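A.B. asks: Each chain is listed here by its residues.
Number of protein chains: 2
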Amino acid sequence: MQQLRIPGPTPCPPEVLKAIGRQMINHRGKEFAEIIRDITPKLKEMFQTKNDIFLLTGSGTGGMEAAVVNTLSPGDKVLATSCGFFGDRFAEIGEVYGAEVKRLNFEWGKPVDPDAVRQALKADSGIKAVLVTHNETSTGVTNDLKSISAIANEFDKLVLVDAISGLGSIDLPVDAWQCDVVVTASQKGWMVPPGLAMVSVSEKAWQAHAKAKMPRYYWDFTSAKNYLEKGQTPTTPAVSVFFGLAVALDMMLAEGLQNIFARHAKLAGLARNGAKSMGLTLVPEERYASNTITAIRASDKLNVAKLLQLLENEHGVVLAGGQGSLSGKIFRIGHLGWIGEKDIKQVLDAITKVIPQASS
Amino acid sequence: MQQLRIPGPTPCPPEVLKAIGRQMINHRGKEFAEIIRDITPKLKEMFQTKNDIFLLTGSGTGGMEAAVVNTLSPGDKVLATSCGFFGDRFAEIGEVYGAEVKRLNFEWGKPVDPDAVRQALKADSGIKAVLVTHNETSTGVTNDLKSISAIANEFDKLVLVDAISGLGSIDLPVDAWQCDVVVTASQKGWMVPPGLAMVSVSEKAWQAHAKAKMPRYYWDFTSAKNYLEKGQTPTTPAVSVFFGLAVALDMMLAEGLQNIFARHAKLAGLARNGAKSMGLTLVPEERYASNTITAIRASDKLNVAKLLQLLENEHGVVLAGGQGSLSGKIFRIGHLGWIGEKDIKQVLDAITKVIPQASS
Numbered sequence: 001m002q003q004l005r006i007p008g009p010t011p012c013p014p015e016v017l018k019a020i021g022r023q024m025i026n027h028r029g030k031e032f033a034e035i036i037r038d039i040t041p042k043l044k045e046m047f048q049t050k051n052d053i054f055l056l057t058g059s060g061t062g063g064m065e066a067a068v069v070n071t072l073s074p075g076d077k078v079l080a081t082s083c084g085f086f087g088d089r090f091a092e093i094g095e096v097y098g099a100e101v102k103r104l105n106f107e108w109g110k111p112v113d114p115d116a117v118r119q120a121l122k123a124d125s126g127i128k129a130v131l132v133t134h135n136e137t138s139t140g141v142t143n144d145l146k147s148i149s150a151i152a153n154e155f156d157k158l159v160l161v162d163a164i165s166g167l168g169s170i171d172l173p174v175d176a177w178q179c180d181v182v183v184t185a186s187q188k189g190w191m192v193p194p195g196l197a198m199v200s201v202s203e204k205a206w207q208a209h210a211k212a213k214m215p216r217y218y219w220d221f222t223s224a225k226n227y228l229e230k231g232q233t234p235t236t237p238a239v240s241v242f243f244g245l246a247v248a249l250d251m252m253l254a255e256g257l258q259n260i261f262a263r264h265a266k267l268a269g270l271a272r273n274g275a276k277s278m279g280l281t282l283v284p285e286e287r288y289a290s291n292t293i294t295a296i297r298a299s300d301k302l303n304v305a306k307l308l309q310l311l312e313n314e315h316g317v318v319l320a321g322g323q324g325s326l327s328g329k330i331f332r333i334g335h336l337g338w339i340g341e342k343d344i345k346q347v348l349d350a351i352t353k354v355i356p357q358a359s360s
Numbered sequence: 001m002q003q004l005r006i007p008g009p010t011p012c013p014p015e016v017l018k019a020i021g022r023q024m025i026n027h028r029g030k031e032f033a034e035i036i037r038d039i040t041p042k043l044k045e046m047f048q049t050k051n052d053i054f055l056l057t058g059s060g061t062g063g064m065e066a067a068v069v070n071t072l073s074p075g076d077k078v079l080a081t082s083c084g085f086f087g088d089r090f091a092e093i094g095e096v097y098g099a100e101v102k103r104l105n106f107e108w109g110k111p112v113d114p115d116a117v118r119q120a121l122k123a124d125s126g127i128k129a130v131l132v133t134h135n136e137t138s139t140g141v142t143n144d145l146k147s148i149s150a151i152a153n154e155f156d157k158l159v160l161v162d163a164i165s166g167l168g169s170i171d172l173p174v175d176a177w178q179c180d181v182v183v184t185a186s187q188k189g190w191m192v193p194p195g196l197a198m199v200s201v202s203e204k205a206w207q208a209h210a211k212a213k214m215p216r217y218y219w220d221f222t223s224a225k226n227y228l229e230k231g232q233t234p235t236t237p238a239v240s241v242f243f244g245l246a247v248a249l250d251m252m253l254a255e256g257l258q259n260i261f262a263r264h265a266k267l268a269g270l271a272r273n274g275a276k277s278m279g280l281t282l283v284p285e286e287r288y289a290s291n292t293i294t295a296i297r298a299s300d301k302l303n304v305a306k307l308l309q310l311l312e313n314e315h316g317v318v319l320a321g322g323q324g325s326l327s328g329k330i331f332r333i334g335h336l337g338w339i340g341e342k343d344i345k346q347v348l349d350a351i352t353k354v355i356p357q358a359s360s
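Protein sequences, first through last, are from chains X and F. If you count by our numbering, then the first sequence holds residues 1 to 360, one letter each, in order. If you count by our numbering, then the second sequence holds residues 1 to 360, one letter each, in order.
Same shape as in the complex, but just chain X (with noise of 0.2 Å):
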């Protein structure tokens, strides 16, 4: 069998996938009424939060955009931080639909700083939103959310948070780090196919969300706020990624949120100090290195292209590469979801066994 070991989709166990080869029901009928009303408060769990959860069917991206259209409007100053390929996707969102985008940029695969956050708030009283990305897939860097939010909520912004990567899988206590709009995607730590956003909503962004300008239509929040009162989604649903959900958040509440944060900081650990062991350099300082995406520097020696090619062809193993500005120097290993120790093993051992080819 192939390991995918990439930021996602992500492999699904087969429990999830026999119930996504479901047959087909009504999505405005009472079984798919239970089905969202189960979920719902089971991500919530997830997301340890009290505030109001839709899944929108789209990709992680739609939910992002779906947190901006919902609470900003066209001139409203907003504060993207970036440190890396989604962090500028975030920005341009926000510049797309209008808004007066401060860009706070830090080099790729470094952190963004909180107290470069404070000090921008305080050159800026106008910015009314702050952007943040949980963790930065393509640097493999998670950053000081914590301290970012509250920074933000000091000064009284709004904290639009994409958490695609790392919801889930990495501790994101929603309500206690006062984050307005949360986001991720099921193809995460969630072990499910791609095809859903899950977005919390808190009571702040909903006071946002009544004045906001910008136009929404398939992704408004008012309109899934109605419908889910029915048991039911605005437009037709991916009802085969919600079958999915059902059966991979029992899974996850069953090991329980500690548990299965605490596996995926182990298999990090593995996975960070498997290359260490190779010679190889992460991509962040360690301390911001994230617990779901190992990016590892390939040496001026390594061919990362084949380096890939010679993983999937010759092991089954399969790994992404760079994006952006990091395309062909960088490689990055997906342990987020349905994963252990021993998949770890196998990816660092095919590693091992193919630098050696793959260097010239």
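Just to be clear, a hint being listed does not mean it is correct.
Because identical chains share one entry, a pair is satisfied inside a single copy or across any pair of copies.
As the list claims (entries may be wrong) - Okay, derived cross-link-like pairs now, PhoX-like style, lysine-lysine, Cα gap no bigger than 25 Å in a straight line:
hint : residue 1 : residue 2
1    : LYS102    : LYS146
2    : LYS30     : LYS102
3    : LYS342    : LYS353
4    : LYS213    : LYS102
Bear in mind the hints are in silico, worked out from the structure with no lab data behind them. Since the model is a prediction, treat every value here as computed from it, not as a measurement.
Following the hints, position chain F against chain X.
C.D. replies: Relative to the frame of chain X, chain F by itself:
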């Protein structure tokens, strides 16, 4: 087994369900590229077009939003024809994004009148685009899209078509009828679960796109085109639905377009005749009645909610009620996708048995 006879999601053949339940793969890898490059030309065959076709992860409504935001600018004058719930939705999307929408409404149950479209276009030369519903799911009406599009093209207008519940089941030669953006969705006649909207984009639509200023990120056609060149999608796609669609398209092409259309026409005839033979009235005049959905008026004595409940609980037959102003007044049989004569007979038998119990 449940007889799911709503206008989507439709039941999936076992071969499709098996594919849907496949393990995940890398959406940036070689196999996914092969799948999207296999699916796209087959969809072109089904759309009867040489235009670009994109697969967008989302509901059909997302595809409608994509059609609007990719081709129009705020302030553009748009003629929104509507004879039901989904025609109204198309108009609303235009309004939300700032188009100056001229609504051309027809009584629910009646079709859009091509002559009225001609008059409206004659009366206002500033109109840029015409929004049309091919097959109005809420009333079971198929519009004369051929004539409407011919008139719109005579006046050199852009033709944006919601063909969600018709395309692939009812003849719609996109190129011959000169339709610029045509939208459908996976859970209809395509026999796969919801999660993908499929849209075709004409050269004229691309020209409009180049000037279109409505904000868009997730639904952007340029982005879809650039990624498709690499055999990818801009954001993580609903991989499982791609797996299913690959199988379903092969089944459809093996059956053949004309045979599929003929089968749907035959099944619709059976449904209509069955309803009439019970003394029930169709919502539309028969010459406009859809070949994918039969909408039936309830007599004053018939309790629709009770009818639907009895059908489901006692016969395992799931039909749809009415939407919007037709709620409680009509019921609808979906007969699109993976369905044969036996299924229609079973539905009609069940209705016959249940009507006395559901009547006062």
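A.B. asks: Give a verdict on every hint.
C.D. replies: Checked hints:
{"no.": "1", "hint": "LYS102 to LYS146", "result": "within (21 Å within a copy, 49 Å between copies)"}
{"no.": "2", "hint": "LYS30 to LYS102", "result": "neither (46 Å within a copy, 38 Å between copies)"}
{"no.": "3", "hint": "LYS342 to LYS353", "result": "within (17 Å within a copy, 59 Å between copies)"}
{"no.": "4", "hint": "LYS213 to LYS102", "result": "both (19 Å within a copy, 22 Å between copies)"}
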